[in-house]
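**Q** Using the hints provided, position chain S relative to the given structure of chain A.
Number of protein chains: 2
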Amino acid sequence: MKKIINAPENYTDDMLKGIYGAHSEQVKHVGDDLRAYCTAEKKDGKVAIITGGGTGHMPLFPGYVGDGMLDGCGVGSLFQSPSAETIYNITKEVEAGAGVLYLYGNYTGDIMNFDMAAEMCEMDDIPVKSIVGADDVTSNENPAARRGVAGIFFMYKCAGAKAAEGGSLEEVLAAAQTAKDNTRTVGFALTPCVIPEVGHSNFTLKEDEMAMGMGIHGEPGVWNGPIKTADEIAQEILTTILKDMPVQSGEEVALLVNGLGASSVEELYILTNSVREYLEKKGIKVYRSFVGEYATSMEMMGASISLCKLTGDEMKAQLDYPVNTPFYCQK
Amino acid sequence: MKKIINAPENYTDDMLKGIYGAHSEQVKHVGDDLRAYCTAEKKDGKVAIITGGGTGHMPLFPGYVGDGMLDGCGVGSLFQSPSAETIYNITKEVEAGAGVLYLYGNYTGDIMNFDMAAEMCEMDDIPVKSIVGADDVTSNENPAARRGVAGIFFMYKCAGAKAAEGGSLEEVLAAAQTAKDNTRTVGFALTPCVIPEVGHSNFTLKEDEMAMGMGIHGEPGVWNGPIKTADEIAQEILTTILKDMPVQSGEEVALLVNGLGASSVEELYILTNSVREYLEKKGIKVYRSFVGEYATSMEMMGASISLCKLTGDEMKAQLDYPVNTPFYCQK
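Protein chains in written order, with the working numbering: chain A, 1 to 331; chain S, 1001 to 1331.
The following block holds chain A by itself, in its conformation from the complex (with noise of 0.2 Å):
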């Protein structure tokens, strides 16, 4: 296994004390309990937003956790969900008078610890809202079955600038929600990766073989073939986005190439000048690029690409707004 770890139980833990060390200044856990992660300083009468999910990911999902984002998120072990208790003790740390919106993927797990925390903070008459991430096109015929994978991106940043501006829980609620409507996402993988207290991975690719539509923890996708070439990758994934969630020349879209882990940054700009060229073609503007790792699964080889429609200059402003974490900064 090529992995840089001590024991391999001490993976997510290990990896929070290094966060914790290296950015005191502005993350923090809750207590005793390295899972409960928050920003280092609550924001008064702001809507708290806090997602959750599975170590493997990052800088999904706690990468998210800053000025202008997040301000908490429930870290599971490798692959796994959070605990509802985790969940509820960053609640009662970061709720500031106005609401808390839970925002994380749909995932069964997931659902069912987001939905026991905000049931304890309705005993302690603590506003809890939810929405769920499903933007995976080819991961189900029905939308609201999809699982959640990198467009949750657009979610956390509309969402969290909404917030950061003094929306109320119901605006804050609206914003994620349209983010939602309008983002779609197709993946596709070249390998796939090893989880460390297995110490190998669960399926294999042959050397010339890719997984199209692949899920973000190994998910079977829709076809494993050759590879094909980044031009050809971009006209089939854009094709499906696109016949899912029609976008007219003229409209506006942002954009989002995301490296699932080893493929590198120049890959993912090749990418991004197939998808880009293919977009022009067809007349659809591309508002903004988001390009790197923002949704991994570990040292996955492969990417997805999200595509979000916008509605209106409240949006553009939103993608926009400033952004400062530990791992993702935006002027």
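Think of the hints as simulated: they come from the structure by calculation, not from any bench. Check before you lean on any hint, since a few could be wrong.
[Claimed, not checked] Listed below are several chain A residues computed to face chain S (Cβ distance under 8 Å; list not exhaustive): (1) Ile19; (2) Val30; (3) Pro59; (4) Glu93; (5) Gly97; (6) Asp125; (7) Asn202; (8) Thr229; (9) Ser263; (10) Thr272; (11) Glu299.
Computed from a prediction, not measured in an experiment: that's the story for all the values here. C-beta atoms are modelled at their ideal positions from N, C-alpha and C, and glycine is treated no differently.
**A** For chain S alone, coordinates are given in the frame of chain A:
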């Protein structure tokens, strides 16, 4: 070959088209030469800093061109030096009346071409000073003969801040020199990387093997052997660095834990934790930690550790100076 590309021979140019398309508000190329990369807006009266080197190390080298850091970058083909003509053309474009600093890594081809460009500038009466990064401790006993690797980031940061604050060419050069004198790096690889036009790696590491001291182009290291734990790796590297550059208990350093491409963000923070614990035991204080992919070898697994010994408040202010490039943002 597991790459997201079109024709391998277009690797560098396709990447550059992607970058210029995505970030046209911040960067541009000079005339028709895609490899002549610079800031979109010239900064009048400021010392211009130009770097350069081969593709394959993103975000090094072009990724540090932007506010608070560099003004231009000569982009070479994969692991190849940029041409003297490209460097000269960038210089003509970005020099703004206060002279130019060439700041790049200690490699023969780069030295030859930057020196040639400097001679061309001399004929145009443009004052040019040069300094090379040479931080890779294990690459040579003789400090002047060492390769330049990730530690060049600290030179960019200090020189960039000094130039942004209006420093003279001599002052900017001195800031780079101080960072150079106080920076040491040691890296290690767990896997090789594949050159697109070759299609396979030119060496192999066994499934349980790592290469300590390997260079960012796959130059042989000091030993190949079984993969050590993060704690053991941190201890060996820091012992090597601190033997070469003593840091006393009570003194302060800046830390850079740099991923070579494929190792996960999770692992980089596990390693960061090991490094910080080791330094704490020695009484060495980490003033600021930089963790992520700063200088890669495409999809190589592994990392490097750099220490920059702090010489005083001015250097701290330079490390904290705000930066905004398409690839690196610091508030």
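**Q** Against each hint, give a clear statement of whether it holds in the structure.
**A** For each hint, the structure was consulted:
1. Ile19: holds, 5 Å
2. Val30: violated, 19 Å
3. Pro59: For A/Pro59, the interface hint holds, since the closest Cβ of chain S sits about 6 Å away, which is under 8 Å.
4. Glu93: Constraint on A/Glu93 not satisfied, violated at 22 Å.
5. Gly97: Where the cut-off is 8 Å and the nearest Cβ of chain S is about 27 Å from A/Gly97, the hint is violated.
6. Asp125: Interface hint status for A/Asp125: violated (36 Å vs cutoff 8 Å).
7. Asn202: Status violated, d = 17 Å.
8. Thr229: For A/Thr229, the interface hint holds, since the closest Cβ of chain S sits about 5 Å away, which is under 8 Å.
9. Ser263: holds, 6 Å
10. Thr272: holds, 4 Å
11. Glu299: With a minimum Cβ separation of about 5 Å from chain S (threshold 8 Å), the hint on A/Glu299 holds.
Of the numbered hints stated above, those contradicted by the structure are hints 2, 4, 5, 6 and 7, listed in ascending order.
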